[in-house]
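There are 2 protein chains.
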Amino acid sequence: MRHKIGVATLSLGLAMLLAGCAKTSSNAEDKASEIASTANTPALAYALKVKESSQKSALSYDIVKSLTVEVGPRIPGSQGDKRAVAWAEAKLNDLGFDKVYKEPVRVRNWERGFADAKVVSPFPQELIISALGGSIATPESGIEAKVVMFDSLESLIAADKATVQGNIVFLNTKMQRDKAGRFYGKVVPNRVSGAVEAAKQGAQAVIIRSVGTDNSRFAHTGVMRYDDTVEKIPAGAISTADADNLAAMFASQQSSAEDIILNINMQAKDAGWQTSYNVIGEFTGSEKPDEVILISAHLDSWDEGTGALDDGAGVGIVTAAAKLVKDAVGQPKRTIRVILYAAEEIGLVGAYQYVRSNRDTLKNIIFAAESDFGAGQIYQLDTRFAEDVRNNPADLYAALQSMGVELGNNTTSGGPDVSMLPNYGVPVIALKQDGTYYFDYHHTPNDTLDKIKPEDIQQNQTVWAMITAYMAMSDFDPRPAPKG
Amino acid sequence: MRHKIGVATLSLGLAMLLAGCAKTSSNAEDKASEIASTANTPALAYALKVKESSQKSALSYDIVKSLTVEVGPRIPGSQGDKRAVAWAEAKLNDLGFDKVYKEPVRVRNWERGFADAKVVSPFPQELIISALGGSIATPESGIEAKVVMFDSLESLIAADKATVQGNIVFLNTKMQRDKAGRFYGKVVPNRVSGAVEAAKQGAQAVIIRSVGTDNSRFAHTGVMRYDDTVEKIPAGAISTADADNLAAMFASQQSSAEDIILNINMQAKDAGWQTSYNVIGEFTGSEKPDEVILISAHLDSWDEGTGALDDGAGVGIVTAAAKLVKDAVGQPKRTIRVILYAAEEIGLVGAYQYVRSNRDTLKNIIFAAESDFGAGQIYQLDTRFAEDVRNNPADLYAALQSMGVELGNNTTSGGPDVSMLPNYGVPVIALKQDGTYYFDYHHTPNDTLDKIKPEDIQQNQTVWAMITAYMAMSDFDPRPAPKG
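Here the protein sequences come in this chain order: A and B. Going by our numbering, the first sequence opens with residue 10, and the numbers climb by one from there. Going by our numbering, the second sequence opens with residue 10, and the numbers climb by one from there.
To be clear, the hints were calculated from the coordinates, so they are not data collected in a lab. Hints are not guaranteed to be accurate.
Given that identical chains are not distinguished, each listed pair holds provided it fits within a single copy or across any two copies.
[As the list claims (entries may be wrong)] Each computed DSSO-like pair below joins lysine-lysine, with the alpha-carbon atoms no more than 27 Å apart:
#1 K183 with K91
#2 K91 with K278
#3 K278 with K241
#4 K65 with K462
#5 K492 with K108
#6 K297 with K462
#7 K155 with K91
#8 K188 with K155
#9 K91 with K127
The structure presented is a predicted model; accordingly, all values stated were derived computationally and were not measured.
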């Protein structure tokens, strides 16, 4: 995910459920008799059936394993991205989706190239640096200048320009660990806006302390932005361990007049426009093919890891959920559409293209959701459903509690790639995952398959499959999404 | 540390202590009256006094911080190594050691240079690789060949040569996590001897799964050896995550005839002979200056991390221990000698040179010890003392129990750099540390200061200071070491 700026919300919880405002689905089904007698409604019975089969299935793990092993890194527009698109089409076909198709998305292909940073004096040492996504290159010979350190973007903005002019800015803001990842939103402006703010103050370049919760020497990349009215300067992230080391050099020098001189050399380039694709697979609805359950993830990743957590896990989870529903309950009444979006990391490019290309049919989407926060277990369901019916699927909400998932707020914007849909009245949900360790690996070379626990991704798969089954097999209709 | 091949041993423990075979030191001291009345002997009283002051001191942490921040990586013979020698002399002088001197050590300077590995087909991906220390380079254009995977060195040795000839060998042996680090010895032959065994089977190159317990994309370097009678081939380590990925590619290809083709390019070079130094600091004994308490660590490190755990921690621990003893108890009766050895990582080069240069005075060493296993807490004291007096310092052993340190065996060879001394009759001890996480970081870029917990290194410092004080202020003499 790119910049999910999560806000933890209180669960509305059991009290509302117990208030008993459920209006059960009335669609009786032939298959209902086969299904667990504990089900309150036919739709719930389908959810419970797929729950049972999902808990025996490793499909989501197998899919992300296939993607990371057989494709690996897939930055938008790259050869890896093209292989990922081909992989996705083949995978959806192999799994027996009724329709598999792709929609073109024009993307800028940014190439990282060589990156190197070193303290020249007084304590010569290499630092581990990663160019931020979209950064321009340094001159071929690099940039060598005095480092000025700030503890926040605000301090930089407030600084006397004379202290910054001609120097390299070092933004050293620590990120706290948190289950909901709430501190990402507080720190990520360093990454997104650091270059613009440093350039306004006359800096030659900016380096940031990685936006991450690990203590390691992996630098965290991620997208940054320029402002056409401000000079473009190169931007990179150093690892948290290197940030600590560099900060300690300042402390060692406090009694000295000697400057800390840094040399940065990054040879990133914009490799121009390429065509990528949103890859889409559907199980066509048997009764209401025009009513669409939209579950999604993004296919692209950053280029240094294999994109296991971000967002191979999501690809595995939503693809597996759809397939497991089909296998467990047969052809769904409504259409289940899996979208694997292009180019999320560089600005939800595929998602915006999807909206432009499908504007007329957005009204058919019953709800949309994206899995894009790794593979930690889901603990909360947030919704953006029409208020008057929001609590109708009380039986589903109660069933999710058995999976450790509490009902949360009704004000979510959903995952990144569906976050623009409520503006069009499309309901969304967000299945909040335990992100305690997510930002240890996010956007680093260390985002690899071994970071996914099979039991955790299976819990995700099961929750998604239950909700998908319920919504695809019921008449519950949460449209339109309330305005934000 | 290079290759401590530990064997856990049963503690002889409390029973022996309680058997009451203690022969207490008889040296009465003026200062004794000042010291805690719980002390059984004057020597113990000194140990308890320094325990108290050490528990208020962060000196060992401050020393390793200074070394990692102000010097950083220091592979033998490099500019970093030269800076480390200057740093060590200045640090020992600043701390007020009576004598600070250095002894030259000739070392080969190996330079890592560029290293790159990628799967060419069927699943193009970059792999994170680190050249093994001492490896020759590949040709400039790299080596591109089929990969053949073996789960152990034994399997490689037993293989049909026709299956290996002309290929790249991949040794994929997993290392288990263990408090005592016992599995290092089982896996490290892959690193040390992999190139020789692969070359005997006709391979072009060898890559090993990193000898490490992490799941990350840091490759673990470390020394490897050639055999003059066998062709030299390049040798590298890939990270454990990359090893898993590569192994998974084999699994994905099981039903296919397609080979996995790897391209390796490593441009390491032997940069010739350089002079490094064992740096030595002493507090001269007031009564028996010729009786020497030798405590040590190694100053060199691998070149990718800042050598915080290996062996900045040891440098901090033994240097601080000596200084704290001097400050707490005044001039020691026996000489306390701190040796910061050169070039441990490439074969205990400084330690062997020390023996050659000081052969005639080795007999004066009361005991020798090295701290070289990171900063995990000490849980066991192993010794190599004359059997008939081994249990005399029962009061010290009991006091160490209060620090969580049990008495272990009497057959240790001590740390790497003192392991040759028992052959000369020099007693040694080994203070066994909790190494549960040591091999997550060992020989990687991720061996940095943030991996050291201040409270853990302080426990080490205190235990070393207690033993050093006791031995420097008593007449207890464990010479000669029993033969191995």
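Do the hints match the structure? See the list:
1. K183 with K91: neither (36 Å within a copy, 34 Å between copies)
2. K91 with K278: within (19 Å within a copy, 38 Å between copies)
3. K278 with K241: within (13 Å within a copy, 39 Å between copies)
4. K65 with K462: within (15 Å within a copy, 42 Å between copies)
5. K492 with K108: neither (32 Å within a copy, 78 Å between copies)
6. K297 with K462: Neither: 37 Å inside a copy, 61 Å across copies.
7. K155 with K91: between (41 Å within a copy, 25 Å between copies)
8. K188 with K155: neither (37 Å within a copy, 44 Å between copies)
9. K91 with K127: between (35 Å within a copy, 18 Å between copies)
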